[in-house]
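Just so we're aligned: 220 in UniProt numbering is position 220 of the sequence shown, and the numbers increase by one with no gaps anywhere.
Where hints are given, some of them may not hold.
What the hints assert, rightly or not - Here are the simulated DMTMM-like pairs of lysine to aspartate or glutamate, each with C-alpha atoms no more than 25 Å apart in a straight line:
{"#": "1", "residue 1": "Lys182", "residue 2": "Glu134"}
{"#": "2", "residue 1": "Lys18", "residue 2": "Glu72"}
{"#": "3", "residue 1": "Lys79", "residue 2": "Glu33"}
{"#": "4", "residue 1": "Lys79", "residue 2": "Asp98"}
{"#": "5", "residue 1": "Lys79", "residue 2": "Glu67"}
{"#": "6", "residue 1": "Lys163", "residue 2": "Asp248"}
{"#": "7", "residue 1": "Lys380", "residue 2": "Asp293"}
{"#": "8", "residue 1": "Lys341", "residue 2": "Glu67"}
{"#": "9", "residue 1": "Lys79", "residue 2": "Asp120"}
{"#": "10", "residue 1": "Lys370", "residue 2": "Glu358"}
{"#": "11", "residue 1": "Lys64", "residue 2": "Glu340"}
{"#": "12", "residue 1": "Lys93", "residue 2": "Asp110"}
{"#": "13", "residue 1": "Lys61", "residue 2": "Glu41"}
{"#": "14", "residue 1": "Lys370", "residue 2": "Glu277"}
{"#": "15", "residue 1": "Lys361", "residue 2": "Glu340"}
{"#": "16", "residue 1": "Lys61", "residue 2": "Asp98"}
{"#": "17", "residue 1": "Lys93", "residue 2": "Glu106"}
{"#": "18", "residue 1": "Lys93", "residue 2": "Glu50"}
As the list claims (entries may be wrong) - Computed Cβ-Cβ distance ranges for the label pairs, DEER-style:
{"#": "19", "residue 1": "Glu328", "residue 2": "Phe372", "range": "16 to 24 Å"}
{"#": "20", "residue 1": "Glu41", "residue 2": "Tyr100", "range": "23 to 31 Å"}
{"#": "21", "residue 1": "Asp248", "residue 2": "Ala78", "range": "23 to 31 Å"}
It is worth saying that the hints were derived from the structure and are not from the lab. Note that the Cβ used here is the ideal one computed from N, Cα and C, for glycine as well.
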Amino acid sequence: MTTDKKLPVTIMVATDDKADATIIHNQLQLEFEHLIMALDEDSRIAAFDEHLPGVLVLAFKSLKRSEQFYLELYRQSAKIHLQPHRTVVLCSKQGVHDAYALCRREVFDDYIMFWPMTHDAPRLRMSVHNALREQRALKRTAPALGEFAQQARRIAELEELLKQHVAEGSLRLATVDRAVNKAEQDIGSAFDHLHHRAGSYAHNAPQALRHLQEEIVRLKQAALHQPFQNVSTAMQPVHQWAAQLQHDYSPHIESVRALGALAGEMRPRILLVDDDEFVHKIVAHQLDARDYDLSIARDATEALRMLRNNAPDLVLLDIVMPGVNGLEALRRFRLMPSLEKTPFIMLTGKSEGAVVVESLKSGANDFIAKPFDRATLLAKITRLL
Numbered sequence: 001m002t003t004d005k006k007l008p009v010t011i012m013v014a015t016d017d018k019a020d021a022t023i024i025h026n027q028l029q030l031e032f033e034h035l036i037m038a039l040d041e042d043s044r045i046a047a048f049d050e051h052l053p054g055v056l057v058l059a060f061k062s063l064k065r066s067e068q069f070y071l072e073l074y075r076q077s078a079k080i081h082l083q084p085h086r087t088v089v090l091c092s093k094q095g096v097h098d099a100y101a102l103c104r105r106e107v108f109d110d111y112i113m114f115w116p117m118t119h120d121a122p123r124l125r126m127s128v129h130n131a132l133r134e135q136r137a138l139k140r141t142a143p144a145l146g147e148f149a150q151q152a153r154r155i156a157e158l159e160e161l162l163k164q165h166v167a168e169g170s171l172r173l174a175t176v177d178r179a180v181n182k183a184e185q186d187i188g189s190a191f192d193h194l195h196h197r198a199g200s201y202a203h204n205a206p207q208a209l210r211h212l213q214e215e216i217v218r219l220k221q222a223a224l225h226q227p228f229q230n231v232s233t234a235m236q237p238v239h240q241w242a243a244q245l246q247h248d249y250s251p252h253i254e255s256v257r258a259l260g261a262l263a264g265e266m267r268p269r270i271l272l273v274d275d276d277e278f279v280h281k282i283v284a285h286q287l288d289a290r291d292y293d294l295s296i297a298r299d300a301t302e303a304l305r306m307l308r309n310n311a312p313d314l315v316l317l318d319i320v321m322p323g324v325n326g327l328e329a330l331r332r333f334r335l336m337p338s339l340e341k342t343p344f345i346m347l348t349g350k351s352e353g354a355v356v357v358e359s360l361k362s363g364a365n366d367f368i369a370k371p372f373d374r375a376t377l378l379a380k381i382t383r384l385l
């Protein structure tokens with residue numbers, strides 16, 4: 001037995017053929033314990049929601065039937081958008097190219113030529129092992145590029161902020177130095193004036209006033225010069241700290257600048273969910289490919305499949321679509337932890353207040369009524385990103 005069998009990950013096999021179900025079960029049970037067979041058409045979706053498999057093996061006789069079931073699963077399941085999973089589809093020798101195309105489009109994650117299974121029977125088990133590894137990797141997924149870029153930009157902003165604080169600190173230190181020097185000069189002038197006045201009266205009482213002059217000189221030295229000298233001495237470590245701070249952070253600024261430049265090169269990833277080909281062309285034209293990485297889903301189900309692997313930085317979501325409409329899709333999207341902070345802009349030909357309110361209540365960040373112009377679209381995207 002391998003270590004994979006010890007993982008609390010369920011493998012679900014959906015098929016419409018009992019003989020194939022027996023073969024697949026016998027193959028997989030050799031190495032995996034958490035195995036669910038779903039043959040009953042009426043209970044397959046409920047079985048998925050109940051067991052929440054991490055690996056889904058689609059073993060229908062035709063690829064079209066596998067695709068249809070997976071589509072139904074996304075439309076009807078209440079939990080599939082919350083359950084990270086990998087898909088393995090079985091195909092015949094004649095269906096290999098079609099299976100490849102489906103996996104290339106990310107409809108499924110992997111395929112196996114199962115009919116006829118002559119020379120490579122362990123291939124099915126190996127594919128499940130690979131799916132389990134990918135499933136584990138999903139739990140350790142790094143933050144989305146957009147999130148990384150956003151944090152990198154904030155780090156880059158620290159350079160300017162640090163410079164401002166250091167400059168402000170140096171200015172305040174200089175202000176304190178000037179204030180101390182001026183106070184010393186002003187008080188010293190007052191003592192000098194008093195000393196001069198005492199000298200002007202010395203001819204009336206020479207001995208007493210001469211003694212007073214000596215006391216003034218001594219007081220100026222003891223009560224004025226030394227305390228101010230102590231203040232200046234106490235300020236020296238602060239000046240040295242400020243200089244050392246600037247010296248210490250300077251070598252790291254280049255790394256911060258490089259990180260900021262890298263973040264600037266990252267294009268925000270935007271997903272457009274709309275069934276209208278004309279809208280696809282309009283949005284692609286309005287969003288410069290040099291500034292944005294645009295992906296397109298033609299309905300909410302396709303978007304759900306795409307979003308289970310990659311979280312975009314922003315979603316443009318049409319409200320009126322066949323199958324799952326935009327509002328229902330938005331409610332499902334907002335339940336997905338990976339999309340919790342992703343901005344959603346709703347697109348629709350209807351601008352009634354009730355539609356806007358319902359969109360915002362469902363979790364939308366903004367709203368654009370069709371037809372929209374480039375300036376409006378870019379302004380809303382820029383604000384949310």
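Status of each hint after checking the structure:
no.: 1; hint: Lys182 <-> Glu134; result: violated (71 Å)
no.: 2; hint: Lys18 <-> Glu72; result: holds (21 Å)
no.: 3; hint: Lys79 <-> Glu33; result: holds (23 Å)
no.: 4; hint: Lys79 <-> Asp98; result: violated (28 Å)
no.: 5; hint: Lys79 <-> Glu67; result: holds (18 Å)
no.: 6; hint: Lys163 <-> Asp248; result: holds (13 Å)
no.: 7; hint: Lys380 <-> Asp293; result: holds (16 Å)
no.: 8; hint: Lys341 <-> Glu67; result: violated (30 Å)
no.: 9; hint: Lys79 <-> Asp120; result: violated (34 Å)
no.: 10; hint: Lys370 <-> Glu358; result: holds (17 Å)
no.: 11; hint: Lys64 <-> Glu340; result: violated (33 Å)
no.: 12; hint: Lys93 <-> Asp110; result: holds (15 Å)
no.: 13; hint: Lys61 <-> Glu41; result: holds (14 Å)
no.: 14; hint: Lys370 <-> Glu277; result: holds (14 Å)
no.: 15; hint: Lys361 <-> Glu340; result: holds (15 Å)
no.: 16; hint: Lys61 <-> Asp98; result: holds (14 Å)
no.: 17; hint: Lys93 <-> Glu106; result: holds (20 Å)
no.: 18; hint: Lys93 <-> Glu50; result: violated (33 Å)
no.: 19; hint: Glu328 <-> Phe372: 16 to 24 Å; result: holds (23 Å)
no.: 20; hint: Glu41 <-> Tyr100: 23 to 31 Å; result: holds (27 Å)
no.: 21; hint: Asp248 <-> Ala78: 23 to 31 Å; result: violated (55 Å)
In the structure shown, a violation is registered for the earlier hints numbered 1, 4, 8, 9, 11, 18, 21, in ascending order.
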